Amino acid sequence: MSKQLNIFVENKPGRIDSIAESLCKSNIDIRAFAIQDRGDYGLLKLIVDKPEQAYLALADLGCACALKDILAISIPDKPGNFHKLTSALAQNNVNVADAYGFVLQPHKTGVCCIELERQQLAMAEKIATEAGFSILGDEELYNM
Amino acid sequence: MEVPFWNKEIETLDRARLRGIQTERLKQIISWALKTPLYNKRLNQAGIHSENDIKDIEDLTRLAFTTKDDLRKNFPRGLLAVDMKDIIRVHSSSGTTGIPTVIYFTGDDIENWTDLLARSIVATGATSEDIFQNMMTYGLFTGGLGLHYGAERVGMMVIPIGGGNTKRQIQVMKDFQTTTLHITPSYMLHIHSKLEQEGVSLSDLSLRKGFLGAEPHSENTRLKIEELLNIHAYNSYGLSELNGPGVAFECVYRKDMHVWEDGYIVEIIDPVTGELKEEGEQGEVVLTNLIRRGTPILRYRTRDLAFLHPEGCECGRTHRRLSRILGRTDDMLIINGVNVFPSQIEEKIMKIPEVATNYQIYVDKKGQLDRLTVRVEIYPKLFLGDVSNLEALRVKIKEELKSSIVINPVVELHEPGSLPVSEGKAKRVLDERPKD
Chain U
0 MSKQLNIFVE
10 NKPGRIDSIA
20 ESLCKSNIDI
30 RAFAIQDRGD
40 YGLLKLIVDK
50 PEQAYLALAD
60 LGCACALKDI
70 LAISIPDKPG
80 NFHKLTSALA
90 QNNVNVADAY
100 GFVLQPHKTG
110 VCCIELERQQ
120 LAMAEKIATE
130 AGFSILGDEE
140 LYNM
Chain P
0 MEVPFWNKEI
10 ETLDRARLRG
20 IQTERLKQII
30 SWALKTPLYN
40 KRLNQAGIHS
50 ENDIKDIEDL
60 TRLAFTTKDD
70 LRKNFPRGLL
80 AVDMKDIIRV
90 HSSSGTTGIP
100 TVIYFTGDDI
110 ENWTDLLARS
120 IVATGATSED
130 IFQNMMTYGL
140 FTGGLGLHYG
150 AERVGMMVIP
160 IGGGNTKRQI
170 QVMKDFQTTT
180 LHITPSYMLH
190 IHSKLEQEGV
200 SLSDLSLRKG
210 FLGAEPHSEN
220 TRLKIEELLN
230 IHAYNSYGLS
240 ELNGPGVAFE
250 CVYRKDMHVW
260 EDGYIVEIID
270 PVTGELKEEG
280 EQGEVVLTNL
290 IRRGTPILRY
300 RTRDLAFLHP
310 EGCECGRTHR
320 RLSRILGRTD
330 DMLIINGVNV
340 FPSQIEEKIM
350 KIPEVATNYQ
360 IYVDKKGQLD
370 RLTVRVEIYP
380 KLFLGDVSNL
390 EALRVKIKEE
400 LKSSIVINPV
410 VELHEPGSLP
420 VSEGKAKRVL
430 DERPKD
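If you read the sequences in order, they're chains U and P.
Position 134, counted from 1, in the first sequence is what numbering that gives the first Met the number 0 calls 133; the numbers after and before it change by one each time, with no gaps.
Position 265, counted from 1, in the second sequence is what numbering that gives the first Met the number 0 calls 264; the numbers after and before it change by one each time, with no gaps.
Just so you know, these hints were derived from the structure itself, not from any lab.
Hints may contain errors.
Using 27 Å as the maximum straight-line C-alpha spacing, the simulated DSS-like pairs for lysine-lysine come out as follows [stated by the list, open to error]:
#1 11(U) - 395(P)
#2 26(P) - 11(U)
#3 49(U) - 380(P)
These numbers come from a predicted model, not from an experiment.
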């Protein structure tokens, strides 16, 4: 299963910077990121080339961080494809609370990253595959 | 259990005769206090013009309380009651908030204080055969020199090592086979954590007793120390305004501290109204020193919260027992009319495993109302990476606190290591409400 790094950060200037600095020093390549804001704090979510190494670097820094399983679905970058994915998930009653997406190759490929409970994750993987989407493997995602 | 005494007659004197001694000594102290401008004025206002106006210690309750501020205002010599040539020592408390306080001792004063400390040490079962490592700071602070003199009086071998230098402390414990320590509870725990690193095991040492002083601590901390170091730990109470250690000490039963009532008058008052509390009721400890001429101090508000046990002790001493210090009156916050002690908040949040050891209490105004914010650091090892878990933690903290302090606080979650670390007198409480 692909790993995403979730980091607890207080909502104030300079916090993300200190994390970025630490990752830079550890020579970690960031592939994608998103921020989930909760007012006084937020979660910084990262896809990186070496998740375990990044986790250890941040834990050494004293950060509260965790490695989470995610599903990274490859979507052809054409109108209607996102809808095709969402309707497949909806028909199977899968609720997506945490997700983000980005374009990997303009007009060719996009990626949708979904965070779900472990059980639901396997189900979502099956649904997406059956709907004709391919799932990015660990190395594909980390090295895209 | 064998109960050793230093002065059995005084320590087991019946209450009526003890009160007689207190009254006699109070009269003497009043005659000295009248020589200082502050007490001359206040005693006169209370209708006490000479020691002969005192018939019983109860007459003292007519006198206004003495506060730390009174002592500061009379710095450096305003409360000196004897000629400077009769003074042989001075102790002073640090001026963390500005002006320090100062206490002068005559030769007799030191003698009396030393005697109470010898009594305290013997009450724990320590004897002249013990090797005593005095790990409190020597100098203007009363903790080091006070116990030093008392231990010498008992005939223990005193190691006057003072505070700090953990490596050397452990080496000295081993070299001299120390049996008895005088130490703060937090330093005791620190020493324990370093034993392994120094390659020393408990079996290399001969530790049997620890006198824990200078910091309020909970019964759980005592039990932890006793278990980790395989010693008996005795609570000690005193403050420099009242001489220092030796105001109250635990006996062999270790069930709270006997106040040496031939040396001190102890009262428990309501910190808000100043009214006397019944025995067994919690309130602020007020002390009168009966054995010091150099600087007489009457009805001193210690700002420490505790209660007196109404019942006697199995050891047979008639001097009443004071509970652990349960808080400080100057810590108390009044939030929307409700009294809240930071210790109540600490007790609740320290029980929650997902919370790290650091926290901060912040009070401000939101419109007309007071607002209490409790800031906690999350414990990284139990972080699961989910907002839902974090929000559940926030709700849990809120509910725990609400059930204990009746107020619904704002709970903020902070990164590990981001709140100011506790160092001695930690600034854990920030009250930013505008002062009237």
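Cross-check of the supplied hints:
1. 11(U) - 395(P): Holds: residue 11(U) and residue 395(P) sit about 24 Å apart, inside 27 Å.
2. 26(P) - 11(U): With a Cα-Cα distance of about 63 Å, the restraint between residue 26(P) and residue 11(U) is violated, given a limit of 27 Å.
3. 49(U) - 380(P): 21 Å, holds
Figure legend: structure checked against the earlier numbered hints; the only hint not met is number 2.
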